[in-house]
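Read left to right, the sequence shown gives residues 22 to 336 (the working numbering).
Calculated from the structure, these hints are not laboratory results.
Each residue gets a CB set at the ideal place from its N, CA and C atoms; glycine is no exception.
Don't take each hint at face value.
[As the list claims (entries may be wrong)] Label-pair restraints from in silico Cβ distances: (1) Y254 to G143: 20 to 30 Å; (2) P174 to P226: 12 to 22 Å; (3) G281 to T326: 52 to 62 Å; (4) Y254 to K26: 20 to 30 Å; (5) N45 to A130: 16 to 26 Å.
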Amino acid sequence: MKIEKAYSTIDVHVAGEAFRIIHNIPLIHYRSIEDLYEKFPEVFHEEKNLLLNEPRGFAGLNGCLVVPPINREADAAVVFFNHEGTVPVHYGGIVAVITALLECGQLKARDTNRYYVETVQGVIPVTAMMENEEVVAVHLESGLCHVVETNIPLSHPRFKTTYSLVHADQLYAVFNKLDFTFNIQLEELADINRWGQMVLQSLDPRVKAVVLLDDTRADSRHIKTVTFRHDSYIVRSPGFVPTQVCFASLVVKGTVLADGIVVNESIFGSKLQAVALNQEDGGYRFKLTTRGFITGMQTFILDPTDPLAAGFLLK
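Input sequences plus hints: build the corresponding full structure.
Structure representation (structure tokens):
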């Protein structure tokens, strides 16, 4: 075995979604977090493939590059990325980073429980509650979420249904589970998967994600969802933005109150809580709460003789 490069990472899952936190990649010069964000896809292309692709990673793995902050108000700066490239902000990634920094002692706990993460979309305030040196809850505020249109008929020969279009970080299509015969449970995952693939093929390419929503328990502040990315991959958590999107859609339809609370449950039982904060500029803003769990601390190596050094990806 020859070792050409080595990378240390901390792996964290947030409500089931996996994040790999990296903090020792090769040093480069950058003037701002925006500059690093722009340079990342080209400069760290090899590292991205090595750490996210199989056999070291998998299709649903997200990356978080943590560096010292440039903004004096921030505690850490983060560039988020996935297999396709950089991502401006990932709320689950913020939870993962704060959890790892606090529990590993790289960030000192404060009595105020307030911390600040620098991203290309600005400095994001985070509240992290700790008990016995463990992060037990993380709260953060979302960006604005706008309901674009409701009750849009789906053009598909097999499905007689309508959906809502909601814009947050991208455009989402929200479907109600009541229009279909299956339930959101693991035993029916194969049927749900086939449904998601067919629906994605029928939608406008501007729609980047599809959410299947079960709101039968909305009167008790509980919903259940499955989210499909544009590549048909199922998000492994309730999802921060999908939760916002569903909440906003339900508010517009009058199913839940605009100042209420909703708990979103994934197909395998993980949960994320959303509290409506305010309505502004025709959109909705929420406070989101969940927690992360460190699953591993690893050192990945690059052997120059490895024929799969760049990795591969099966979806």
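Going through the hints against the structure:
1. Y254 to G143: 20 to 30 Å: Because 28 Å falls inside the window, the suggested range holds.
2. P174 to P226: 12 to 22 Å: Holds, since P174 and P226 (Cβ atoms, about 18 Å apart) stay within the stated range.
3. G281 to T326: 52 to 62 Å: holds, 58 Å
4. Y254 to K26: 20 to 30 Å: Holds - the Cβ-Cβ distance for Y254 and K26, about 28 Å, lies within 20 to 30 Å.
5. N45 to A130: 16 to 26 Å: holds, 23 Å
In terms of the numbered hints stated before, the structure departs from none.
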